[in-house]
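> Chain by chain, the residues run as shown.
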Amino acid sequence: MKTTGPMKMLTALLAVCMITAAATPVKAQNVDYTGLEALYNEPVTTSATGKPQPVSKVPVSMDIITDKEIRSSGAQDIPDLLRRYAGVDVARNFRDHADVNIRGYNQPYANRLLVLINGRQVYMDLFGMTLWNSFPVRMDEIKQIEIVRGPNSSLFGFNAASGVINIITYNPMYDDVSDVRLGYGSRGYNSFGGMKTLNLRDDMAVRFSGERTGYDEFPHNERINSTRVPDAPAKNAFQKESLNMDSQIRLTDNIFARIEAGYNQQRGDNLTIFNTARATSTHSRHIKADLSYDSGSAGVFDLTAYHNFNHMTVGRHRFNTFPEFSIANRLTSIQLSNLFSPYTNHNIRLSAEFRNNYGEGNALGKSDDDNFTINTLSGGAMWDWRISDHWSMDNAVRVDHWSTDRDFTMDTSDTKINLPSLDLEPGGTEFSFNSGIVYEVDPRSSVRFSVGRGLHVPSIVELAFDENTSAFSELYGNPTLNPEVNYTADLGYTRKFPDQNFSAGSNIVYQRIEDLIAPTVREFGPPGNPKADYTFENVGNSEAVFLELFAKGTCLDKTLNWNINYTYSLLSDSGSDNPDHRFNFEDAQPDHKINLALDYKKGPFELGTDVHFVSGIKYSAVTADFFNSYYQKDVSAYVLLNARAAYNITENTTLSLNGYNLAEEHEERPYFVQNALIGRDGANELGRTVVMSLQHRF
Amino acid sequence: MGISIKIRSLLLGIGLISIILAPSSLMAQERSVTSGEARTVLNTLKYIRGIERKQGEVMIGVLFSEDIPGSEVLARRAAQELESQKNSLKKIKVRAVKASLRSFQQGLPPDILIVPSLMAGSYPRIKEVSRKNKVITISLDSACVREQVCAIGIESGGSTEIYLNEKVLSESGYDVDAAFKYMAIRL
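Going down the list, the protein sequences come from chains A and B. Under our numbering, think of the first position of the first sequence as 34, with each following residue one higher. Under our numbering, think of the first position of the second sequence as 118, with each following residue one higher.
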């Protein structure tokens, strides 16, 4: 790997940092979310603009799922929680795998949604996807989950194209949480986990957590014929172990340091790229350090550095239509930001970031050490202006310069894909922006209008994959891909009814995506002897309109909390005339979705339920198999019902019974499986599951 | 699939929703210290540097004037409300008492001074004594902050609003946490 490029960029970054630091001081990641939530009587976030704000005042469409809502939901993982909210599309195909996107375009390997834990990216740049069960944190240590709808690349960088999920864990300095939890249920479910917060001194605290979970997969209507990966559990079962450490130190009254580290290992069946079901094994680990300095009148400086390592092994497909491969991804990010207030009612945030995204493995080239690197150097600015008591405005802009470096030559000797140069090292300079204006009609209601330009830059796999899938087909990355651009205009209205204990609102959204990146296929070979080559291409544009209505509140003397929302989606694709560009997002998006969640608590008893209606779709996908390179399947409308009953034995001990998917077994996302000699499309039917859980907090 | 036809029906739907959710006139604001306001005052203390790390006891005085009828009763009730709330400071006990403006300098001054809105006529005097005694002034009326008398204002309507006058606060010798500062409306 060349070093001159990254070194030049690092030097440039340091120069930017020095200029920024000389100009003024900045922002803090050291936010006491719990305390500020108590102060403002509503959740607080930094994910909208980079400065802390009550959620009702942010200039973007946002929901925050609080720790109380997470606990009372009984949800086993984050996608199950996210599906309760307007505009969020969740398609689960395995017990441990779900594709999640915001406002449509939810394809396998959903790559337009950026997912973060405490600001650290857990979205995997390598494939351009999020493995929701590869996180090192337990559900019980999450303080809040922030859902930002619409592009937010100007704050978070590439891949915050359709939205951001920012998972905030408890801060050991402010949140003294410790527990142990045991779970046992149907379908082989077993889980054991716990966490302990230690206040070592007045100015030092640390939290340790760990969990082990295993369960049988949903019954496959077609058996997945894939070889097991190393250390895999029994066939069609899932197993994961995770460990996490989070510590915070107050070095002085105005200097804080936070260090996090974690590990996760998961093994099970998964949906791999090109919509095929395979056995996979993933190891993830990370370390993150954050230093925050509040200089007083000059503002707050925040320096963050983290390193993610992910290694994935994918089992060999039956008949060798896909050999086993392994691939590793190392992401290093260094960020500096400065939040300051030059004048009353004006806040400015300056930021700079350097990212080194390195992929290595035999799926990139031929040997295990073939690699491909994307380096990104970014600079951004945010301006928050409180114009008057009623009006406020936020503007943010970011420029990203990306470059790539490959150390292998792709073998394109027999490909039927017309790629001009497969040794290309692409790059470019991109910009993104967000602008929002909020009008507070009165203390109870506000109108918000925002526009944004977000970017999805191709993943390493999309740019540089090189896999001889079989004698009949090959899979190539495409270095000529352009970044996908998302333009969104969003008009929102929210109103609180404090006397009636509820709030309600609506969003109407126009979205245009240009240069959509999608898998494509070139079929060739004589009749009866089909062959196909696969790649990724910019296939066209798509427009969409969304209507989101939502209301939440409490009644029955505040014993019953309720949350209901409706999403209407209307998509229109406009692709090229190329017959190989077989994308179809407009028919794959449910037109209607309704979610209802109820949570009742009286004395030691708790009852809860969430019900989801999703209208039917016509799903189509390119799939890497020489018999079925492309297929379509109708997915019927379905109702998903979860329920929970709990009894608090003592103030700190809770016994709960959770039922998942109690209404009907249904398919959410078809995928391709190969059975015997003939490949067939199939899907997992989400089966009913019952889990009993005992938690003791101390 | 064409979008334009359905957009009209969506806009119609939005129009109807806007009518249903249209804002109504605000209720008159309650000026006595409610339990919610008392909680907010106490939660605020956590973010005042110097107070948060203080040892022992923090004294809150609720200001009254013998010249303003009813103000002493209100101050006593407010102090009782403050004392009845759980405070967010880890190792500090909070005591709340009524504090007379006339005899303010007799005895030990409080650390925090709550300025009720009906004391608005005495702002010059309050400003003088609070600066002299290095007392943090908090009001439930943002006008006190705008008038450069109070350092912190707390208003609870449909949502909580915190007002901050950094100049007045620094004159008292205190500072606030960065997150608190950037969330507040600075005047």
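Some clues are possibly wrong.
To be verified - Computed spacing ranges between beta-carbons, pair by pair:
| no. | chain 1 | residue 1 | chain 2 | residue 2 | range |
| --- | --- | --- | --- | --- | --- |
| 1 | B | Ser287 | A | Ser607 | 57 to 63 Å |
| 2 | A | Met426 | B | Glu189 | 44 to 50 Å |
| 3 | B | Glu189 | A | Thr683 | 43 to 49 Å |
| 4 | B | Gly173 | A | Tyr520 | 42 to 48 Å |
| 5 | B | Thr151 | A | Leu233 | 44 to 50 Å |
| 6 | A | Tyr520 | B | Arg193 | 55 to 61 Å |
Said to hold, decoys possible - When the alpha-carbon atoms are kept at most 25 Å apart in a straight line, the in silico DSS-like pairs for lysine-lysine are as follows:
| no. | chain 1 | residue 1 | chain 2 | residue 2 |
| --- | --- | --- | --- | --- |
| 7 | A | Lys101 | B | Lys249 |
| 8 | B | Lys251 | B | Lys210 |
| 9 | A | Lys634 | A | Lys101 |
| 10 | A | Lys635 | B | Lys203 |
| 11 | A | Lys229 | B | Lys208 |
| 12 | A | Lys101 | A | Lys399 |
| 13 | B | Lys244 | B | Lys203 |
| 14 | A | Lys591 | A | Lys635 |
| 15 | B | Lys215 | B | Lys203 |
| 16 | B | Lys249 | B | Lys203 |
| 17 | A | Lys634 | B | Lys203 |
| 18 | A | Lys564 | A | Lys399 |
| 19 | A | Lys651 | A | Lys666 |
| 20 | B | Lys244 | B | Lys208 |
| 21 | B | Lys203 | A | Lys591 |
No lab work stands behind these hints, which were simulated from the structure alone. A virtual CB, placed ideally from N, CA and C, is assigned to each residue, including glycine.
> Now look at each hint and say whether the structure bears it out.
Status of the hints after comparison with the structure:
no.	hint	result
1	B:Ser287 - A:Ser607: 57 to 63 Å	holds (59 Å)
2	A:Met426 - B:Glu189: 44 to 50 Å	holds (45 Å)
3	B:Glu189 - A:Thr683: 43 to 49 Å	holds (45 Å)
4	B:Gly173 - A:Tyr520: 42 to 48 Å	violated (58 Å)
5	B:Thr151 - A:Leu233: 44 to 50 Å	violated (38 Å)
6	A:Tyr520 - B:Arg193: 55 to 61 Å	holds (60 Å)
7	A:Lys101 - B:Lys249	violated (45 Å)
8	B:Lys251 - B:Lys210	holds (20 Å)
9	A:Lys634 - A:Lys101	holds (12 Å)
10	A:Lys635 - B:Lys203	holds (23 Å)
11	A:Lys229 - B:Lys208	holds (21 Å)
12	A:Lys101 - A:Lys399	violated (50 Å)
13	B:Lys244 - B:Lys203	violated (29 Å)
14	A:Lys591 - A:Lys635	holds (10 Å)
15	B:Lys215 - B:Lys203	holds (19 Å)
16	B:Lys249 - B:Lys203	violated (30 Å)
17	A:Lys634 - B:Lys203	holds (23 Å)
18	A:Lys564 - A:Lys399	holds (21 Å)
19	A:Lys651 - A:Lys666	holds (6 Å)
20	B:Lys244 - B:Lys208	violated (30 Å)
21	B:Lys203 - A:Lys591	holds (21 Å)
Hint compliance for this structure: hints 4, 5, 7, 12, 13, 16, 20 are broken, all remaining hints hold.
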